[in-house]
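Number of protein chains: 2
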Amino acid sequence: MGCNAEHSRLAADVLLRSDLRGIDSHGVARLKGYVRLWEKKRINTSPDIKIVHQTATTATVDGDAGLGLVVAPFAMQVAMEKAAQYGSGWVAVRNSNHFGIAGYHALMAVEKDMIGFAMTNASPLVAPTYSSERLLGTNPMCYAFPAGKYPPVIVDMATSAAANGKLEIAQRLGKQVPEGWIQDAAGNITTDPHALKSGGALLPLGSDADHGSHKGFGLSATVDILSAVLSGANYGPWVPPFVAFLDPPADPVGSGIGHFVGAMRVDGFRPVDEFKAHLDNWIERFKSSATVDPNQKVIIPGEPELEAEADRKVNGIPLVEEVANDLNVLAEKFGVEPMS
Amino acid sequence: MGCNAEHSRLAADVLLRSDLRGIDSHGVARLKGYVRLWEKKRINTSPDIKIVHQTATTATVDGDAGLGLVVAPFAMQVAMEKAAQYGSGWVAVRNSNHFGIAGYHALMAVEKDMIGFAMTNASPLVAPTYSSERLLGTNPMCYAFPAGKYPPVIVDMATSAAANGKLEIAQRLGKQVPEGWIQDAAGNITTDPHALKSGGALLPLGSDADHGSHKGFGLSATVDILSAVLSGANYGPWVPPFVAFLDPPADPVGSGIGHFVGAMRVDGFRPVDEFKAHLDNWIERFKSSATVDPNQKVIIPGEPELEAEADRKVNGIPLVEEVANDLNVLAEKFGVEPMS
Chain V
1267 MGCNAEHSRL AADVLLRSDL RGIDSHGVAR LKGYVRLWEK KRINTSPDIK
1317 IVHQTATTAT VDGDAGLGLV VAPFAMQVAM EKAAQYGSGW VAVRNSNHFG
1367 IAGYHALMAV EKDMIGFAMT NASPLVAPTY SSERLLGTNP MCYAFPAGKY
1417 PPVIVDMATS AAANGKLEIA QRLGKQVPEG WIQDAAGNIT TDPHALKSGG
1467 ALLPLGSDAD HGSHKGFGLS ATVDILSAVL SGANYGPWVP PFVAFLDPPA
1517 DPVGSGIGHF VGAMRVDGFR PVDEFKAHLD NWIERFKSSA TVDPNQKVII
1567 PGEPELEAEA DRKVNGIPLV EEVANDLNVL AEKFGVEPMS
Chain S
1267 MGCNAEHSRL AADVLLRSDL RGIDSHGVAR LKGYVRLWEK KRINTSPDIK
1317 IVHQTATTAT VDGDAGLGLV VAPFAMQVAM EKAAQYGSGW VAVRNSNHFG
1367 IAGYHALMAV EKDMIGFAMT NASPLVAPTY SSERLLGTNP MCYAFPAGKY
1417 PPVIVDMATS AAANGKLEIA QRLGKQVPEG WIQDAAGNIT TDPHALKSGG
1467 ALLPLGSDAD HGSHKGFGLS ATVDILSAVL SGANYGPWVP PFVAFLDPPA
1517 DPVGSGIGHF VGAMRVDGFR PVDEFKAHLD NWIERFKSSA TVDPNQKVII
1567 PGEPELEAEA DRKVNGIPLV EEVANDLNVL AEKFGVEPMS
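If you read the sequences in order, they're chains V and S.
Residue 1390 in my numbering sits at position 124 of the first sequence, and the numbers go up by one each step.
Residue 1374 in my numbering sits at position 108 of the second sequence, and the numbers go up by one each step.
Next up, chain V with everything else stripped away, as it sits in the complex:
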């Protein structure tokens, strides 16, 4: 596509890390989508990514319409350099594209004994509480904390009740979804996973007003405001769609999509070994909790992804046939050797 070697390696690393961690929806399965956006000239493969505004510990980065997969690590690097010097660093990003899994970026900080934060807005698919319109993306937020003898605690979550990937699985299998995931075009409760394609919407975390969907809406709004209103990116219904067959809104309110990343040095608050010893204790206490079903333990945030990573590093990444075929079509297009 014209990315330089460094950007190519970095983007591939972000996608592969997602597959390794079991988040198949955000890995190489997305490569086709990025290529289509590039074909529509919506991704700049030679971006001049730069800081356009800053203080000692804050900055706004313009991604120059580059791949979010390379723009977000640039921003995280800026945040970490500021944190190394001043204790914390915070970077809002505009004029970017889909950045892959939030966890990748937050974990960059964890490797340096920092607490990592990463969030992004995304194409509008989610209706705020009481709304019949799709005004927000699944707007994920991620917080990552370094532990001692245990792997890091990683809270990496869409702020919708269900991620779009789960809906796609139900669509493929022809299964109904639980009430509380989506509504139809009129805003009625539905269990039909295809409702999203006919004008319906995903619901915020909490699902309905009685169960706190205004909180899911509030979290999603927080991600949107930090990522885009603060950076100068598009927000709410103006966020450009990820799918290339839908054009971006004709009346943008900013540039591209937005991210917000940050890092705080653990030793800006207490000695790293003390923090890690207590986080280990926290993990042990929660893992050893009595449970409703003795066969189902409490899952520490990030644990399923770590288990997938341990397994897939040894046994490889299983690809569904459709994705393998897509990759081979791309290989042919770009003159790369296909997978056998």
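Rather than coming from a laboratory, the hints here were simulated on the basis of the structure.
Mixed in with the good hints there might be a few duds.
One copy or two, it doesn't matter: identical chains are merged, so the pair holds either way.
[Unchecked claim] Subject to a maximum C-alpha distance of 27 Å in a straight line, what follows is the list of computed DSSO-like cross-link-like pairs (lysine-lysine):
| id | residue 1 | residue 2 |
| --- | --- | --- |
| 1 | Lys1553 | Lys1463 |
| 2 | Lys1563 | Lys1463 |
| 3 | Lys1542 | Lys1316 |
| 4 | Lys1542 | Lys1378 |
| 5 | Lys1553 | Lys1579 |
| 6 | Lys1579 | Lys1415 |
| 7 | Lys1463 | Lys1378 |
| 8 | Lys1298 | Lys1553 |
| 9 | Lys1563 | Lys1553 |
| 10 | Lys1432 | Lys1599 |
| 11 | Lys1563 | Lys1599 |
| 12 | Lys1542 | Lys1306 |
Here the structure of chain V is known, so what remains is to put chain S in place on it, guided by the hints.
This is chain S only, laid out in the frame that chain V set:
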């Protein structure tokens, strides 16, 4: 109780602001609880609140067992001073007590054209996904953003499906609560609001695994780790109970309860007037959204509290008889003129 005049005024301001904003559960109704904790020598009314560790933009504050109502504003002041100088400021707090509404503290930053953050851990009432134990508090988080012609956007939410206050109302009225708010002592689904008092637990935002309760658990864990593992306060099931008739755990893992507050200068990212103009636009777009029920508009985060404040500033704060009686008992105890 022995608080100095400045602390007394500040604590009263936090409580009254809560009542003004319609959050009756966190206002003067709590005064009795604070007094009881003081009688048990669990609140120090002459605390030496101080910074015990810091960098340019991070700090840990020890509240010396003071009222959270005065400890948290001290911490927020430290965060704002750091933000004024370096762009952002972040303060973890240990050895504190219940800090009232998170929104009060976050709004201190908004008044200075900063984005405000405030969170706190709390007495264990919430069971993580799959757990039958109460290991987390309702652990609220608050994000507050200054707007232009509109009031600030304030996301101030417990990370449980329902706040404890809502349960107490159902208990008082003898009403059942919706499925998804609580479980009984064995972890079974129940609609009996009294189940919490017989060993049951509140559920995380998302209510069950199918609807993303692991996300609510993850958010609550984030609040607990930032507020307590980072500061050196008690976390998880070790957080001392707010009610004075329950003793704190005999094996503390830290000091008191913990908070985490922060501030970022808007102009650390983009000019304040640009940010406010776009946040106004964001608010207008969401307020004008098509809705499922034409009589129920989309509610901007913070709007209900602002409406209550506008009303109660004019019409006064209605007190339920029980609270009014409690206040008069306290008035008598401390030789203050009772309300008529």
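Identical-chain pair category, Lys1542 with Lys1306, by Cα at 27 Å:
For Lys1542 and Lys1306, the Cα distance exceeds 27 Å both inside one copy (47 Å) and across copies (33 Å).
Tell me, please, which holds for Lys1553 and Lys1463 at an alpha-carbon limit of 27 Å: within, between, both or neither?
between (39 Å within a copy, 25 Å between copies)
Measure nothing new, just compare the shortest in-copy and cross-copy C-alpha distances for Lys1432 and Lys1599 to 27 Å and report within, between, both or neither.
For Lys1432 and Lys1599, the Cα distance exceeds 27 Å both inside one copy (30 Å) and across copies (59 Å).
Have a look at Lys1298 and Lys1553 and pick one of within, between, both or neither, based on CA distance no larger than 27 Å.
So Lys1298 and Lys1553 fail the 27 Å test inside a copy (39 Å) and across (36 Å) alike.
Could you figure out if Lys1553 and Lys1579 sit no more than 27 Å apart (CA to CA) within one copy, between two copies, both or neither?
within (24 Å within a copy, 48 Å between copies)
Since the copies are identical, ignore which copy is meant and state whether Lys1563 and Lys1599 lie within 27 Å (CA to CA) inside a copy, between copies, both or neither.
Intra 47 Å, inter 49 Å, cutoff 27 Å: neither.
For the identical chains here, do Lys1579 and Lys1415 meet the 27 Å Cα criterion within one copy, between copies, both, or neither?
within (20 Å within a copy, 54 Å between copies)
Given identical chains, is Lys1563 near Lys1553, meaning Cα to Cα at most 27 Å, within a copy, between copies, both, or neither?
This pair counts as within: shortest intra-copy Cα distance 7 Å, inter-copy 42 Å.
For Lys1463 and Lys1378, with the copy left unspecified, which applies at a CA distance of at most 27 Å: within, between, both, or neither?
Intra 42 Å, inter 44 Å, cutoff 27 Å: neither.
Within, between, both or neither: Lys1563, Lys1463 at alpha-carbon 27 Å:
between (36 Å within a copy, 24 Å between copies)
When no copy is specified for Lys1542 and Lys1378, does a C-alpha distance of 27 Å or less occur within a copy, between copies, both, or neither?
Result: close within a single copy only, 13 Å intra versus 35 Å inter.
Same-copy or cross-copy closeness of Lys1542 to Lys1316 [CA-CA at most 27 Å]
This pair counts as between: shortest inter-copy Cα distance 24 Å, intra-copy 34 Å.
Checked against the numbered hints given earlier, the structure breaks hints 7, 8, 10, 11 and 12 and satisfies all the rest.
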